[in-house]
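There are 2 protein chains.
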Amino acid sequence: MLSGAVPIAEIWRGPLAESEHAGHVVVAGPDGGTIAALGAPGTVVLPRSSAKMIQALPLVMSGAADEAALTDRHLALACASHEGAPLHVGAVADWLSGLGLSEADLRCGTQPSRDKELKLEMIRRGEAPSQLHNNCSGKHAGFLTLNRRLGGGSEYQEPDHPVQKAALDAFEEATGASSPGFGIDGCSAPNFAASMEGMARAMSVFATAHTRDDTFSRAAARLVQAMISHPVEVAGEGRACTLLMQAAQEPAALKFGAEGFFVAILPERGLGIAVKVADGATRAAESAIAAVLVGLGVLDERHPDVQRFMAPEIVNRRGLVTGEIRPAPALAQLGAKSARA
Amino acid sequence: MLSGAVPIAEIWRGPLAESEHAGHVVVAGPDGGTIAALGAPGTVVLPRSSAKMIQALPLVMSGAADEAALTDRHLALACASHEGAPLHVGAVADWLSGLGLSEADLRCGTQPSRDKELKLEMIRRGEAPSQLHNNCSGKHAGFLTLNRRLGGGSEYQEPDHPVQKAALDAFEEATGASSPGFGIDGCSAPNFAASMEGMARAMSVFATAHTRDDTFSRAAARLVQAMISHPVEVAGEGRACTLLMQAAQEPAALKFGAEGFFVAILPERGLGIAVKVADGATRAAESAIAAVLVGLGVLDERHPDVQRFMAPEIVNRRGLVTGEIRPAPALAQLGAKSARA
Numbered sequence: 001m002l003s004g005a006v007p008i009a010e011i012w013r014g015p016l017a018e019s020e021h022a023g024h025v026v027v028a029g030p031d032g033g034t035i036a037a038l039g040a041p042g043t044v045v046l047p048r049s050s051a052k053m054i055q056a057l058p059l060v061m062s063g064a065a066d067e068a069a070l071t072d073r074h075l076a077l078a079c080a081s082h083e084g085a086p087l088h089v090g091a092v093a094d095w096l097s098g099l100g101l102s103e104a105d106l107r108c109g110t111q112p113s114r115d116k117e118l119k120l121e122m123i124r125r126g127e128a129p130s131q132l133h134n135n136c137s138g139k140h141a142g143f144l145t146l147n148r149r150l151g152g153g154s155e156y157q158e159p160d161h162p163v164q165k166a167a168l169d170a171f172e173e174a175t176g177a178s179s180p181g182f183g184i185d186g187c188s189a190p191n192f193a194a195s196m197e198g199m200a201r202a203m204s205v206f207a208t209a210h211t212r213d214d215t216f217s218r219a220a221a222r223l224v225q226a227m228i229s230h231p232v233e234v235a236g237e238g239r240a241c242t243l244l245m246q247a248a249q250e251p252a253a254l255k256f257g258a259e260g261f262f263v264a265i266l267p268e269r270g271l272g273i274a275v276k277v278a279d280g281a282t283r284a285a286e287s288a289i290a291a292v293l294v295g296l297g298v299l300d301e302r303h304p305d306v307q308r309f310m311a312p313e314i315v316n317r318r319g320l321v322t323g324e325i326r327p328a329p330a331l332a333q334l335g336a337k338s339a340r341a
Numbered sequence: 001m002l003s004g005a006v007p008i009a010e011i012w013r014g015p016l017a018e019s020e021h022a023g024h025v026v027v028a029g030p031d032g033g034t035i036a037a038l039g040a041p042g043t044v045v046l047p048r049s050s051a052k053m054i055q056a057l058p059l060v061m062s063g064a065a066d067e068a069a070l071t072d073r074h075l076a077l078a079c080a081s082h083e084g085a086p087l088h089v090g091a092v093a094d095w096l097s098g099l100g101l102s103e104a105d106l107r108c109g110t111q112p113s114r115d116k117e118l119k120l121e122m123i124r125r126g127e128a129p130s131q132l133h134n135n136c137s138g139k140h141a142g143f144l145t146l147n148r149r150l151g152g153g154s155e156y157q158e159p160d161h162p163v164q165k166a167a168l169d170a171f172e173e174a175t176g177a178s179s180p181g182f183g184i185d186g187c188s189a190p191n192f193a194a195s196m197e198g199m200a201r202a203m204s205v206f207a208t209a210h211t212r213d214d215t216f217s218r219a220a221a222r223l224v225q226a227m228i229s230h231p232v233e234v235a236g237e238g239r240a241c242t243l244l245m246q247a248a249q250e251p252a253a254l255k256f257g258a259e260g261f262f263v264a265i266l267p268e269r270g271l272g273i274a275v276k277v278a279d280g281a282t283r284a285a286e287s288a289i290a291a292v293l294v295g296l297g298v299l300d301e302r303h304p305d306v307q308r309f310m311a312p313e314i315v316n317r318r319g320l321v322t323g324e325i326r327p328a329p330a331l332a333q334l335g336a337k338s339a340r341a
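First to last, the sequence lines map onto chains G and S.
If you're matching positions, the first sequence starts at 1 in our numbering and goes up one per residue.
If you're matching positions, the second sequence starts at 1 in our numbering and goes up one per residue.
Keep in mind the hints are simulated off the structure, nothing from the lab.
Using N, Cα and C, we set each Cβ at its ideal position, and we do this for glycine too.
There's no promise every hint is true.
Unchecked claim - Below, simulated DSS-like cross-link-like pairs (lysine-lysine); rule was C-alpha separation at most 27 Å, straight line:
1) G:Lys119 with S:Lys116
2) G:Lys116 with S:Lys116
3) S:Lys119 with G:Lys116
4) G:Lys119 with S:Lys119
As the list claims (entries may be wrong) - Partial selection, computed: residues in chain S whose CB lies under 7 Å from chain G:
5) Pro15
6) Glu18
7) Leu120
8) Ala281
Stated by the list, open to error - The following residues of chain S were derived to be distant from chain G, with all beta-carbon distances above 10 Å:
9) Gly42
10) Asp94
11) Lys165
Kindly produce the complete structure, drawing on both the sequences and the hints.
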């Protein structure tokens, strides 16, 4: 994973660079081919939650989404790593209820809410987190919706289940390659591997989907629209995906993934971007995607929410600024090069 | 920081290496010279909390510790990054009270307790964390004790304060070099920089201190003994420092530092070890120090607490094992080489 990786962010404390992150970045053009890259574009990666819009494709393509009368808000939740705030939890609960299902049908496992207020309130009330609070509960509600159509068994998260076979087909179609394998994700669903170029290609397939009229492309375009229309559903207030989508000067669908992943879909340019931090650090992935998008002109570096993720100050326990994150200049240069391509 | 760093740990998920960490490791022999290293031994680093036993030297050397009738338990807390469990918080409160001081005299800032039970209890009671819960409160109680002797002003954390000047003197004496600068730490005290070789040398100075009889060495030997005698005070139940010290087959003082630092002091061998993960990841620092100590024969890799940090399983939200951390074989080889040196 470090092989061929290049420096992408430095962590400074006072006059000293204390830590440093390396990674891989690929930008794919409208035809899916790589137009700019840092690091080793052939590196095989697990995109984790950055693949959620791909995993949601069969839900729409199969007609299951329409059959269940899902709105764009539901589809945004299907693509989300949400923070388990009341708005996310309530929407997924209603969705399951509309299917005649309940929390017990989910297979994502429990996770405490990351919504600060709700989390504290639940501790005060002595209330245990449920599977609805899991950041993947929308994705799993999507799996259950698809499963109703496919008629598979209850263990829809198993790799050989029709739901996951459909997800793999969509993944290989989007990335344009056979997946070399999978890992089991935090939510127990398989997470399929691709090359960095494959993931960037997949994002450009989504970015250009609105220009095509086949079933696959219509589904992809609808999911992009859902994410862009519902940035709070995709993550939550204060989260990088949400704030950077809201700060963007043109439509952009952004999606974080665990272990240092981040992707961007830019429909007006037909570009797809994939970022992987070799060591898995979230702080570097957020900084890197923001820096590339600044270079592209999609984000304005003077916007406070852009600064907050691209080059945040590090503040200590007494509120003193003790350091900062500095994205590598190569990232903005990569963005600028991609804008000219 | 990445320049010259070598791979030290891989994060596996299913059949795929998902992330990877690089870093620097130096082992210093009884004379302070480097006997084995991985990465770039000259790299300038901020040792963060791995320097706490150095920062505590003036407390003992000055006679302030004896004047305040501090026990080894107090000295272990002065070297600690404790988790703010009741035993730590209570001991520091009593210590301050004995000095005629209180929590308000600390300058470390507040931090929520990392003791799971106490943290939840405080949330339920609506109780705000205090500076006593800060992982550095013992270090700061030590600073206040020294300050009573030195007669400095109340802002003992400022870099030009006599307390911090004494800490710098001790740091340069231990590392054997002028410090090239400092950053402000999470607790607002200056954290002095050294080379990796300098930090390993400092740890070997501590490891051999019991063989010398000067004021500096007597203080260093006493601090090592305090840490080894009170592993729970140094961190807390379930923490790497505590469990690995308890698992060690010979006396060993171990100390974690933020941003991927870890040091070891081995008094029976006169060896000092410094580990820095270039990207700052705790998981890799814990894995690396454990692997080096296994190679040295200080830890037994079959011990469950050694496995837990050296090569832990990664478990998902449903309790399934989805992956593992694999330390680079070079770490145990470095340890084995050091054992033969």
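Taking the hints in turn, this is what the structure says about them:
| no. | hint | in the structure |
| --- | --- | --- |
| 1 | G:Lys119 with S:Lys116 | holds (14 Å) |
| 2 | G:Lys116 with S:Lys116 | holds (17 Å) |
| 3 | S:Lys119 with G:Lys116 | holds (14 Å) |
| 4 | G:Lys119 with S:Lys119 | holds (13 Å) |
| 5 | Pro15 | holds (5 Å) |
| 6 | Glu18 | holds (5 Å) |
| 7 | Leu120 | holds (6 Å) |
| 8 | Ala281 | holds (6 Å) |
| 9 | Gly42 | holds (14 Å) |
| 10 | Asp94 | holds (22 Å) |
| 11 | Lys165 | holds (17 Å) |
The earlier numbered hints are all upheld by this structure, with none contradicted.
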